[in-house]
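So the protein lines, in turn, are chains A and B.
The opening position of the first sequence corresponds to residue 3 in our numbering, with each subsequent residue numbered one higher.
The opening position of the second sequence corresponds to residue 39 in our numbering, with each subsequent residue numbered one higher.
Calculated directly from the structure, the hints in this document are not laboratory data.
Glycine included, each C-beta is placed from N, C-alpha and C at the ideal position.
A hint or two may mislead.
Claimed, not checked - Heads up, incomplete: computed chain A residues facing chain B, CB under 8 Å, no partners named:
| no. | residue |
| --- | --- |
| 1 | 41 |
| 2 | 50 |
| 3 | 56 |
| 4 | 59 |
| 5 | 93 |
| 6 | 102 |
| 7 | 104 |
| 8 | 108 |
| 9 | 109 |
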Amino acid sequence: DAGVIQSPRHEVTEMGQEVTLRCKPISGHNSLFWYRQTMMRGLELLIYFNNNVPIDDSGMPEDRFSAKMPNASFSTLKIQPSEPRDSAVYFCASSPTGANQPQHFGDGTRLSIL
Amino acid sequence: AQSVTQLGSHVSVSEGALVLLRCNYSSSVPPYLFWYVQYPNQGLQLLLKYTSAATLVKGINGFEAEFKKSETSFHLTKPSAHMSDAAEYFCAVSPSGGSYIPTFGRGTSLIVHP
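For reference, chain B alone in the conformation it holds in the complex (with noise of 0.2 Å):
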C-alpha cells in the first residue's frame, strides 16, 4: 500500500520568491514518483516524475523535485515565482510493482502575489 501526503493545502508566495511544495509518501516497493499541475477548468497534466534515474528531476516551466529516499519526501520547488504559475499542485506515488494505479496528495493551491 502506498499514501502521499502533501503539507499544506495553499501556500503563498511573492513574485519572484522561492516555490517550495512539500510531498511525503510512504511505499512498501520503491516508487515512481510524480508532481502534476492543474489550472482552472483543465486537467491535471505532468510537471516532472522520479523513476530512480537521477534523484534530482527537472521539469516544465523551470520546476525540480528531489528525491530524498531517508525523508520518504519529493519536494517541489522552483527558485523564481512567476504569476503564471498559480495553480494546484499533486503530488502522485506509483508502487514499482502490483497495479501500477497511482495515489495521489489532496493538492496543494499556489497563490502568488505581485
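Looking at chain A on its own, in the form it has when it is part of the complex (with noise of 0.2 Å):
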C-alpha cells in the first residue's frame, strides 16, 4: 500500500512568494494532520481535519497560513507571503479516526524561505 504522498520534498524560494504543499493521504483515512518541525519548537501540530472539515486549527501561526481538504484524498497547506521563519519541514500525517489509531506520516517536505 502507498504510504502519505507529500510534495514537493524541497522547495527553497524567495520571501514574499506563496508556498503551496500537498498531500494524499493513504486511502480509507478519515482523519489528516499537518505539523511543521523545527529544531527549535519541535513537532507542532498546526491543523487537523476529519472527514475532509477542518477540527482543530489553533495551531495555524497566523492568517498567512491557511489548509484546505477538498476531498478524502487531497489537502493543501499554503503560504503567503512567506517569511524566512517559516523555513521548516512541514509533514502531514492521516490516520483512522479514533484515539487508539497511529498517525501514518509522510517524508514531509523541508521548506527554505530566503
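Two chains, two separate frames, one set of hints: put the complex together.
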C-alpha cells in the first residue's frame, strides 16, 4: 500500500512568495494532520481535519497560513506571503479516526525561505 | 488536557548496551500511548502503542515499553543497541475521549557508539 505522499520534497523560494504544500493521505483514513518541525520548537500541530472538515486549527501560526481539504484524497497547506521564519520541515500525517489509532507520516517537505 | 515529557534530549549508548528512553505523561482520562521513531530525512514511523490490552508492549526492531500507571510513565527499552537504532524517538499520548488529537514529546536523539 502507498503511504502518505507529500510534494514537493524540497522547496526553496524567496521571501514574499506564495508556497503550496500538497498531501495525499492513505486511502480510507479520515483524519489528516499537518505538522511543522523545527529544532527550536520541535513538532507542532498546525491543523487537524476529520472527514475533510477542519476540526482544530488553533496551531496555525497566523493568517498567512491556510489549509484546505477539498476531498478525502488531497490536502494543501498554503503560506502567503512566506517569511524566512517559516523555514521548517512540514509533515502531513493521516490515520483512521480514533485515539487508539497511530498516525502515518509522509516524508515531509523541507521548506527554505530566503 | 494532556502532556508528555521526555527526559533527556540526547541519550548516548555503546553498541550492545541497554537502551532506555524515558517518557512521562499526564492525562485527565485514560490515555493511549505511542512511541515513534524518525530517521534522518524521513517522517515518523510507529514503533509500538499501548491501548490498555497489556502493560508490556512489544514493538518492532526489538523495542518494548511498559505502561506504569502509578508512575505515569511509558519508558522505551531495548536490551542491546545496534548502530541502526540511531535516530530520533518521540513519545505521544492521546486521550481516550474527546478530540483524538495526540500530544507529542520533544523527542530524544539516540546516539549509538561503536
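Comparing the hints with the structure gives:
1. 41: Violated, because the Cβ-Cβ distance from residue 41 of chain A to chain B comes to roughly 10 Å (cut-off 8 Å).
2. 50: Residue 50 of chain A check passes; min Cβ-Cβ to chain B is 6 Å, inside 8 Å.
3. 56: violated, 12 Å
4. 59: This interface hint is violated because 11 Å lies over the 8 Å limit.
5. 93: holds, 6 Å
6. 102: At 5 Å from the nearest chain B Cβ, residue 102 of chain A passes the 8 Å test, so the hint holds.
7. 104: holds, 4 Å
8. 108: Holds, because the Cβ-Cβ distance from residue 108 of chain A to chain B comes to roughly 5 Å (cut-off 8 Å).
9. 109: holds, 5 Å
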